[in-house]
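Participant: Chain order of the listed sequences is A and B.
Residues in the first sequence are numbered from 15 upward in steps of one, following the working numbering.
Residues in the second sequence are numbered from 401 upward in steps of one, following the working numbering.
Please keep in mind that the hints were generated in silico from the structure rather than gathered at the bench.
Source: prediction; values computed, not measured.
Backbone N, C-alpha and C fix where the C-beta goes; we use that ideal spot for every residue, glycine too.
It cannot be assumed that every hint is accurate.
Said to hold, decoys possible - In the DMTMM-like style, the derived pairs of lysine to aspartate or glutamate whose C-alpha atoms are separated by at most 25 Å in a straight line are: (1) B/K499 with A/E84; (2) A/K82 with B/D491; (3) B/K528 with A/E134; (4) A/K75 with A/E134; (5) B/K528 with A/D97; (6) B/K499 with A/E134.
Said to hold, decoys possible - Pair ranges (Cβ atoms, derived): (7) A/E56 with B/V583: 34 to 40 Å; (8) A/D44 with B/V583: 42 to 48 Å; (9) A/K131 with B/D552: 48 to 54 Å; (10) B/K440 with A/D44: 40 to 46 Å; (11) A/P172 with B/D491: 20 to 26 Å; (12) A/D183 with B/L582: 32 to 38 Å; (13) A/A171 with B/K440: 41 to 47 Å; (14) A/D33 with B/P443: 50 to 56 Å; (15) B/V451 with A/A171: 27 to 33 Å; (16) A/N170 with B/E564: 30 to 36 Å; (17) A/E116 with B/E568: 54 to 60 Å; (18) B/L575 with A/A77: 22 to 28 Å; (19) B/V451 with A/E56: 51 to 57 Å; (20) B/P443 with A/E84: 22 to 28 Å.
Claimed, not checked - Partial list, computed: chain B residues near chain A (C-beta under 10 Å): (21) A464; (22) V493; (23) R503; (24) G534; (25) V537; (26) A540; (27) A543; (28) V583; (29) V585.
For reference, the chains in residue letters:
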Amino acid sequence: MSTTTDTQTALPVGTWTLDPIHSTIGFEVDYLGGTFRGQFRETEARLVAEGDSPVLTGSAKVASVDVKDENLNAHLQSPDFFDAERYPELSFESSEIANEGEEVVVRGGITIRGVEKPVELRGTISEPITDYTGRERIGLRLETTVDRTEFGVDWNAPLPDGNQALQNDVSLAAELYLVKEA
Amino acid sequence: MKVLAISGSLRPDSYNTKLLRVAEELLPPDVELELYDGLKAVPPYDDEDDVEPAPPAVAALRQALANADGVLIATPEYNSSVPGQLKNALDWVSRPLMKNPLRNKPVVVVGASTGAFGAVWAQGELRKVLSAIGARVVDAEVAVGHAHTRFDEDGRLTDESLQEQLQESIDALLLEMHTRALVLV
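Only chain A is shown next, with the shape it has when bound in the complex:
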């Protein structure tokens, strides 16, 4: 089995902006033996694939973090976690987009709590389709894992056995519906 690497990205030409209603930018992290999930409701993203150097940018409002309990939303926005008052957005900007076999690989910088770290996102991109209004759409699904403590998101709680309740590795997943600008 071989994997081909194609740095000549085969992205659909155009400038594509986010359909925020159908898109999801979420996270999941192991907590107390299970997996805890959440998402950000206010998000933006844009893929500019007009020339040789396509760029994907995206952001999420920390104040829009959404889990299944209002008090947990409040805690996630507090200085214990994302510190929404001081760092109101999470953001990403790509430096390179490439195809590797069936995968699309997006490298760039992700900023959480004001700390930017390099990150590699992997996923898939769909062929353009034309929707009911005649606009072209693509689906872009990307995932990565970050160590939250590298961004200063350090909260934890010790378990009776001495281990910690919340794991450091957090999976981030973006399921983006992108619509071609006219």
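Got chain A; can you put chain B on it based on the hints?
Facilitator: Quick look at chain B alone, frame taken from chain A:
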């Protein structure tokens, strides 16, 4: 700017209240310290009483916190933890969590006890509680152990290193207060 100072001890001659009065002398002239004196009047928390209008003592504490740019809490240690009345008052003001007046508020915790360790456990637990409420807890500590030997007749700290730690804690609080003021502009 204004700092609200809360003593976790109700005793009139409290060492923790003395510590707050020492702290007042360490503040720059443009920062006012208000010594909160309503803790004893806060009723026991009951979810059914947590309606508008709030009990007067609770409303007064919420307003005092909302008016302050930062909070300085000095706590004793009861049975290795936070005094019940102080915790009870924080439980009142923490509701609703998303809009409580301590949310994002810079807070520094110090403590005094007649025991050897200066209420370090109570301070640690109080920081945990304040963080859960959403406060911006300043990374600083003053632990006045053997408190009955640490103040002179005029209420001044007799230990120079403790005085320096208190100054550092105050400075760290002021830095967070100024940073927050810039963020909120």
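Participant: If a hint holds in the structure, say so; if it doesn't, say that too.
Facilitator: Here's how the hints hold up against the structure:
A distance of roughly 11 Å separates the Cα atoms of B/K499 and A/E84; the hinted pair therefore holds under the 25 Å criterion. A threshold of 25 Å between alpha carbons decides the hint, and for A/K82 with B/D491 the separation of about 22 Å falls inside it, so the pair holds. Between B/K528 and A/E134 the CA atoms are separated by roughly 35 Å; this puts the pair beyond 25 Å, and the hint is violated. A hinted pair counts as satisfied when its Cα atoms are at most 25 Å apart, and A/K75 with A/E134 qualifies at roughly 21 Å.
Between B/K528 and A/D97 the CA atoms are separated by roughly 16 Å; this keeps the pair inside 25 Å, and the hint holds. The straight-line distance between the Cα atoms of B/K499 and A/E134 is roughly 37 Å, outside the 25 Å bound, and the hint therefore fails. For the pair A/E56 and B/V583, the supplied restraint of 34 to 40 Å is violated, since their beta-carbon distance comes to about 19 Å. Between A/D44 and B/V583, the C-beta spacing of about 32 Å breaks the proposed range 42 to 48 Å.
Against the hinted window of 48 to 54 Å, the Cβ-Cβ separation of A/K131 and B/D552 comes to about 52 Å, which satisfies the hint. For B/K440 and A/D44, the Cβ-Cβ distance of about 45 Å falls inside the hinted range of 40 to 46 Å, so the restraint holds. Between A/P172 and B/D491 the beta carbon distance is about 23 Å. The supplied range of 20 to 26 Å therefore holds. For the pair A/D183 and B/L582, the supplied restraint of 32 to 38 Å holds, since their beta-carbon distance comes to about 34 Å.
At about 32 Å, the CB distance of A/A171 to B/K440 disagrees with the hint of 41 to 47 Å. Judged by the Cβ atoms, the range 50 to 56 Å given for A/D33 and B/P443 holds: they are separated by roughly 51 Å. Our hint of 27 to 33 Å for B/V451 and A/A171 holds, since their Cβ atoms are close to 31 Å apart. Checked against the hint of 30 to 36 Å, the pair A/N170 and B/E564 passes, with Cβ atoms roughly 31 Å apart.
As the Cβ distance of A/E116 to B/E568 is approximately 57 Å, the hint placing it in 54 to 60 Å holds. A C-beta distance of roughly 24 Å is found between B/L575 and A/A77, which places it inside the suggested range of 22 to 28 Å. A beta carbon spacing of about 32 Å between B/V451 and A/E56 contradicts the range 51 to 57 Å that was offered as a hint. The hint said 22 to 28 Å for the Cβ distance between B/P443 and A/E84, and at roughly 25 Å that hint holds.
Violation of the interface hint for B/A464 is found here, the shortest Cβ-Cβ separation to chain A being roughly 21 Å, above the 10 Å cut-off. The restraint placing B/V493 at the interface with chain A is violated, with a minimum CB-CB distance near 14 Å, outside the 10 Å limit. For B/R503, the interface hint holds, the least distance from its beta-carbon to any beta-carbon of chain A being 7 Å, beneath 10 Å. For B/G534, the interface hint holds, since its Cβ comes within 10 Å of a Cβ in chain A; the closest pair sits about 4 Å apart.
Nearest Cβ of chain A to the Cβ of B/V537: about 7 Å, under the 10 Å cut. The hint holds. With a least beta-carbon distance of about 15 Å to chain A, the hint placing B/A540 at the interface is violated under the 10 Å criterion. Using the Cβ-Cβ criterion of 10 Å, the hint placing B/A543 at the interface with chain A is not satisfied: the shortest such distance is roughly 22 Å. Annotation: B/V583 was flagged as interfacial toward chain A, and the flag holds, the nearest CB pair being 6 Å apart, inside 10 Å.
Among the interface hints, the one on B/V585 is violated; its C-beta lies about 12 Å from the nearest C-beta in chain A, farther than the 10 Å criterion.
Checked against the numbered hints above, the structure violates hints 3, 6, 7, 8, 13, 19, 21, 22, 26, 27 and 29; every other hint is satisfied.
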